[in-house]
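S.K.: For reference, the chains in residue letters:
Protein chains: 2
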Amino acid sequence: MTRLFSTLLLSCLAATAGADPLPSWNDTDNKDRIISFVETVTDPQAADYVTPAERIAVFDNDGTLWGEQPVYFQLIFAMDRLAELAQDDPSILTSDTLKAAAAGNLEAVGKGGTGAILEVVNASHSGTSVGAFQQVVADWLAKARHPDTGLPYDRMTYQPMVELLRYLRDEGFKTYIVSGGGLHFMRVFAEDAYGIPPEQILGSYADSSYEMIDGTPTIVKSPGIAFIDDKAGKPVNIERTIGRRPIFAGGNSDGDFAMLEWATAGDGPRLGLIVHHTDGAREYAYDRDSPIGRLNDGLDRGPDLGWVIVDMAKDWNRIYTGAR
Amino acid sequence: MTRLFSTLLLSCLAATAGADPLPSWNDTDNKDRIISFVETVTDPQAADYVTPAERIAVFDNDGTLWGEQPVYFQLIFAMDRLAELAQDDPSILTSDTLKAAAAGNLEAVGKGGTGAILEVVNASHSGTSVGAFQQVVADWLAKARHPDTGLPYDRMTYQPMVELLRYLRDEGFKTYIVSGGGLHFMRVFAEDAYGIPPEQILGSYADSSYEMIDGTPTIVKSPGIAFIDDKAGKPVNIERTIGRRPIFAGGNSDGDFAMLEWATAGDGPRLGLIVHHTDGAREYAYDRDSPIGRLNDGLDRGPDLGWVIVDMAKDWNRIYTGAR
Numbered sequence: 001m002t003r004l005f006s007t008l009l010l011s012c013l014a015a016t017a018g019a020d021p022l023p024s025w026n027d028t029d030n031k032d033r034i035i036s037f038v039e040t041v042t043d044p045q046a047a048d049y050v051t052p053a054e055r056i057a058v059f060d061n062d063g064t065l066w067g068e069q070p071v072y073f074q075l076i077f078a079m080d081r082l083a084e085l086a087q088d089d090p091s092i093l094t095s096d097t098l099k100a101a102a103a104g105n106l107e108a109v110g111k112g113g114t115g116a117i118l119e120v121v122n123a124s125h126s127g128t129s130v131g132a133f134q135q136v137v138a139d140w141l142a143k144a145r146h147p148d149t150g151l152p153y154d155r156m157t158y159q160p161m162v163e164l165l166r167y168l169r170d171e172g173f174k175t176y177i178v179s180g181g182g183l184h185f186m187r188v189f190a191e192d193a194y195g196i197p198p199e200q201i202l203g204s205y206a207d208s209s210y211e212m213i214d215g216t217p218t219i220v221k222s223p224g225i226a227f228i229d230d231k232a233g234k235p236v237n238i239e240r241t242i243g244r245r246p247i248f249a250g251g252n253s254d255g256d257f258a259m260l261e262w263a264t265a266g267d268g269p270r271l272g273l274i275v276h277h278t279d280g281a282r283e284y285a286y287d288r289d290s291p292i293g294r295l296n297d298g299l300d301r302g303p304d305l306g307w308v309i310v311d312m313a314k315d316w317n318r319i320y321t322g323a324r
Numbered sequence: 325m326t327r328l329f330s331t332l333l334l335s336c337l338a339a340t341a342g343a344d345p346l347p348s349w350n351d352t353d354n355k356d357r358i359i360s361f362v363e364t365v366t367d368p369q370a371a372d373y374v375t376p377a378e379r380i381a382v383f384d385n386d387g388t389l390w391g392e393q394p395v396y397f398q399l400i401f402a403m404d405r406l407a408e409l410a411q412d413d414p415s416i417l418t419s420d421t422l423k424a425a426a427a428g429n430l431e432a433v434g435k436g437g438t439g440a441i442l443e444v445v446n447a448s449h450s451g452t453s454v455g456a457f458q459q460v461v462a463d464w465l466a467k468a469r470h471p472d473t474g475l476p477y478d479r480m481t482y483q484p485m486v487e488l489l490r491y492l493r494d495e496g497f498k499t500y501i502v503s504g505g506g507l508h509f510m511r512v513f514a515e516d517a518y519g520i521p522p523e524q525i526l527g528s529y530a531d532s533s534y535e536m537i538d539g540t541p542t543i544v545k546s547p548g549i550a551f552i553d554d555k556a557g558k559p560v561n562i563e564r565t566i567g568r569r570p571i572f573a574g575g576n577s578d579g580d581f582a583m584l585e586w587a588t589a590g591d592g593p594r595l596g597l598i599v600h601h602t603d604g605a606r607e608y609a610y611d612r613d614s615p616i617g618r619l620n621d622g623l624d625r626g627p628d629l630g631w632v633i634v635d636m637a638k639d640w641n642r643i644y645t646g647a648r
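Chains L and R supply the protein sequences, listed in that same order.
Residue numbers for the first sequence, in my numbering: 1 to 324.
Residue numbers for the second sequence, in my numbering: 325 to 648.
Fair warning: there could be bad hints in the mix.
Derived coverage of chain L by chain R (criterion: at least 3 residues anywhere in the stretch with Cβ under 8 Å from a Cβ of chain R; other residues may be distant) [claimed, not checked]:
id : stretch
1  : 133-144
2  : 195-207
3  : 213-221
Calculated directly from the structure, the hints in this document are not laboratory data.
Beta carbons are placed, not taken as given, at the ideal position from N, Cα and C, and that holds for glycine.
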């Protein structure tokens with residue numbers, strides 16, 4: 001009995017050791033570099049060994065862990081939500097941008113740039129408790145479908161990145177999201193979609209207030225945006241919230257440059273990773289000229305900084321978690 | 325051999341099960357209530373079982389985990405630091421408050437209340453990188469001694485609370501500090517003193533900026549205080565940073581009331597704990613009239629809310645970690 005158990009255990013361990021932790025990644029140099037980095041920092045005999053407590057890995061969300069075209073998914077949520085709110089009270093549509101948003105005119109809102117996005121988010125995200133807001137997001141996620149793929153948005157996570165997150169955690173890393181997206185929005189799906197719990201999600205946020213509503217202490221979302229977790233805000237937020245400098249950082253746009261720059265400039269082994277959207281057939285091909293997820297700095301300077309530039313078309317044999 | 329090993333293992337487990345997790349707590353009702361709460365929420369058979377992910381415990385620091393008399397220890401640091409900075413440049417002492425602080429006049433600074441405290445902190449905490457600031461704090465902690473006890477400040481942690489933190493972690497809780505004290509100040513000693521890592525410390529903070537200094541990406545502390553982690557700010561900060569409602573909250577002053585109120589008003593089993601400073605012989609006796617750590621609401625309303633009101637003189641057989 002004991003011998004049988006030992007044999008089973010050993011064969012099980014052998015199978016685990018031999019398994020490919022990143023099956024949706026093709027066997028390219030980029031995959032080798034990722035695995036080699038992880039094996040080095042987790043090898044107690046290696047000069048570059050890193051203790052588990054310092055194995056902090058941070059990832060942007062939009063365009064890095066899930067899609068972001070034709071516009072950020074949270075903006076689509078905001079437009080749908082605004083249309084819903086305007087059914088009850090059309091007077092909330094106080095500008096052409098808000099009217100276009102409620103009418104579902106993606107192109108018009110997209111043309112307005114960051115200012116229009118913030119206006120639509122502002123008009124649709126505040127004035128409720130955090131709990132009520134997150135229920136609205138959950139209900140939306142359950143029924144909304146992406147205009148191009150027809151998939152639920154939370155099934156448009158990138159399967160290769162979901163595997164990378166799991167692989168890093170299996171190797172003792174703590175994985176975090178550090179995104180320009182809304183903190184409360186992301187927390188609704190990130191634990192199921194990525195295995196990342198609420199306390200490891202950093203994002204943009206409005207102020208909140210603590211209020212007694214019908215005798216119940218409640219956290220209420222205030223209007224406006226108090227902190228935008230983008231560009232230099234990312235390293236600042238990581239330092240403030242985590243208090244450790246990550247040794248692994250992944251992103252896809254110029255908004256992630258400072259985060260990767262800071263993470264990879266530290267002492268010891270470090271890895272930066274840029275997801276380059278090269279696959280117009282299976283996803284979207286965009287970089288330097290895209291209004292969403294523009295990528296210049298990472299392409300210009302990332303290779304010299306030693307970052308892995310993921311070529312989605314070549315490096316990934318599968319894109320979305322929700323579609324083979 | 326195997327049998328010997330099993331016997332040793334069993335006796336070891338038995339010893340662990342029988343050991344008192346809180347040896348510095350006297351066998352009072354309060355100790356019973358704490359242990360009974362922890363045993364209930366960790367018992368998979370109990371109706372009130374709580375999964376490990378939701379076992380979040382939050383604690384104020386000043387007056388709850390370590391001393392805070394005659395003034396907040398961070399204020400003493402700020403005054404010492406200001407005196408040091410003024411040796412190089414006396415012109416920084418631009419007010420009577422700052423002159424009194426640099427001269428070590430605790431009474432004069434104390435009389436100025438919160439405004440004076442913030443002025444002294446402002447003048448002594450900014451303009452350096454986070455890393456350089458934390459080195460200054462570490463150097464100060466190594467040599468500074470408390471005016472009454474003669475102890476290093478980081479040995480004036482409360483041994484019963486250090487035991488409680490460890491006990492909670494042993495039972496699958498994640499322990500956090502949520503303090504009005506400075507985030508970067510606390511992170512210097514909290515991991516050694518309490519076993520609480522940087523990413524589980526919430527506190528007040530100044531803004532920071534991300535700057536390239538001599539080619540090195542650096543996080544620099546800005547002047548001013550961007551967020552004061554006190555009163556209603558505590559539940560707001562917990563919701564923003566942790567994203568879960570704690571099931572255990574400990575504090576000692578009116579600044580902690582909202583945090584305990586929010587934590588204990590949730591569904592399911594909850595425990596609030598107030599450290600009441602009743603021991604003038606071994607520590608300090610203060611509550612309703614103290615300028616530091618004033619406690620009214622917790623005494624008036626805590627018992628009806630089911631909170632444990634710790635009577636330091638009766639409940640604790642030892643006070644400081646650094647002195648028997």
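S.K.: Could you run down the list of hints and mark each one as holding or not?
M.R.: Here is how each hint holds up against the structure:
Residues of the stretch 133-144 of chain L lying with their CB closer than 8 Å to a CB of chain R number 0, which falls below the three-residue condition for coverage. Check on the stretch 195-207 of chain L: 6 of its residues sit with their Cβ under 8 Å from a Cβ of chain R, so the three-residue criterion for coverage holds. Interface restraint, the stretch 213-221 of chain L with chain R: holds (3 residues with C-beta to C-beta distance below 8 Å; minimum three).
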